[in-house]
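Listed in order, the protein sequences are those of chains C and Y.
One rule links them: number in this note's numbering = place in the first sequence (from 1) + 14.
One rule links them: number in this note's numbering = place in the second sequence (from 1) + 14.
These are calculated hints, taken from the structure and not from any lab test.
All figures in this text were calculated on a predicted structure; none of them were measured in a lab.
Any given hint might turn out to be false.
The list treats identical chains as interchangeable, and a pair is accepted whether it falls inside one copy or across any two copies.
[What the hints assert, rightly or not] As a list, the in silico BS3-like pairs of lysine-lysine whose alpha-carbon atoms are at most 27 Å apart: (1) Lys185 x Lys140; (2) Lys52 x Lys171; (3) Lys95 x Lys171; (4) Lys140 x Lys158.
Protein chains: 2
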Amino acid sequence: MTLFVDMDEVLADTYQAHIDVYNSEFGASLTREECYGKEVWQCVPEEHQQSVRQHAHTRGFFKELPVIENSSEVLEQLNEKYKVYIASAAMQFPNSLEEKSDWLDNHFSFIPWQRRILCGYKHILKGDLLIDDRSYNLERFNGKTILFTSPHNVNTKGFDRANTWLEIADKLL
Amino acid sequence: MTLFVDMDEVLADTYQAHIDVYNSEFGASLTREECYGKEVWQCVPEEHQQSVRQHAHTRGFFKELPVIENSSEVLEQLNEKYKVYIASAAMQFPNSLEEKSDWLDNHFSFIPWQRRILCGYKHILKGDLLIDDRSYNLERFNGKTILFTSPHNVNTKGFDRANTWLEIADKLL
Chain C
15 MTLFVDMDEV
25 LADTYQAHID
35 VYNSEFGASL
45 TREECYGKEV
55 WQCVPEEHQQ
65 SVRQHAHTRG
75 FFKELPVIEN
85 SSEVLEQLNE
95 KYKVYIASAA
105 MQFPNSLEEK
115 SDWLDNHFSF
125 IPWQRRILCG
135 YKHILKGDLL
145 IDDRSYNLER
155 FNGKTILFTS
165 PHNVNTKGFD
175 RANTWLEIAD
185 KLL
Chain Y
15 MTLFVDMDEV
25 LADTYQAHID
35 VYNSEFGASL
45 TREECYGKEV
55 WQCVPEEHQQ
65 SVRQHAHTRG
75 FFKELPVIEN
85 SSEVLEQLNE
95 KYKVYIASAA
105 MQFPNSLEEK
115 SDWLDNHFSF
125 IPWQRRILCG
135 YKHILKGDLL
145 IDDRSYNLER
155 FNGKTILFTS
165 PHNVNTKGFD
175 RANTWLEIAD
185 KLL
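This is chain C alone, in the form it adopts within the complex (with noise of 0.2 Å):
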């Protein structure tokens, strides 16, 4: 079995990181609760939202993301017994391909070179299975597909959902 893992809000905590960013610069106290159902930047003032959008073409913002708890040790559970790559829409953001690479080789190395993919559309990816946390993704790929939690995407209905890594292990392990 062939297995698809996306990297933000999957393996990679960036939504954590752009509320802490937030919070950070703007002096607030935006918790993940309270944008339940949106983007980080629907959640700020409208004069915030551009420096919000801003974050991801940022050098540095990708390279110390805060790593979403036992994703590291199930997936390299997981990694023993299917074919698993990383599938990161990342060409959006060229800023951040080498900062992921390096993220990867800091706490996902045993996941090799050759089974890591930055792309754009998910859909041309050949496999039996992609955990992913958004639905467009979802949506269009030719396999089983696991939404993962994140705070934008708790109201989203339709789709076999794994709210932590261990209800991942629970299903695939």
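Given the structure of chain C, go ahead and fit chain Y onto it with the hints provided.
Just chain Y now, with coordinates in the frame of chain C:
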């Protein structure tokens, strides 16, 4: 029809760049013809091989690659007719990732980020046709293939082959 097109030695003349950098560094006069059937590093004295093998790890190497003749004009026409993706096995060279994105912006800006793929293995791509200079990519691809001629593959048998982009136009337009 979904079409995947490789970058190095199909759109970008990486092979010639290896020769040019080598000739410039060592005051040599290696030609493409002397390299037929081999990689560039295999065509230089043993004491220079390590230097040639470092080119792809050197910052700047992928930034200024020459565009292969007629590739831009023909690909732009193919892009009107088919779903064209560019797929480069670039993950081996993290230093190349942003340079490749910039190079595409400069020379193939009509291919948007959604249709750009930096990957390792290419057999995970789901589509109808792969144009590539590496037989190992074509062998495992689950669709039609065209081997694009590069000095290193002139002796490779068993593939539908195109020597130039005008030949690709003849086949596909």
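Here is how each hint holds up against the structure:
{"no.": "1", "hint": "Lys185 x Lys140", "verdict": "both (21 Å within a copy, 26 Å between copies)"}
{"no.": "2", "hint": "Lys52 x Lys171", "verdict": "within (15 Å within a copy, 54 Å between copies)"}
{"no.": "3", "hint": "Lys95 x Lys171", "verdict": "neither (29 Å within a copy, 36 Å between copies)"}
{"no.": "4", "hint": "Lys140 x Lys158", "verdict": "both (11 Å within a copy, 15 Å between copies)"}
Hint compliance for this structure: hint 3 alone is broken.
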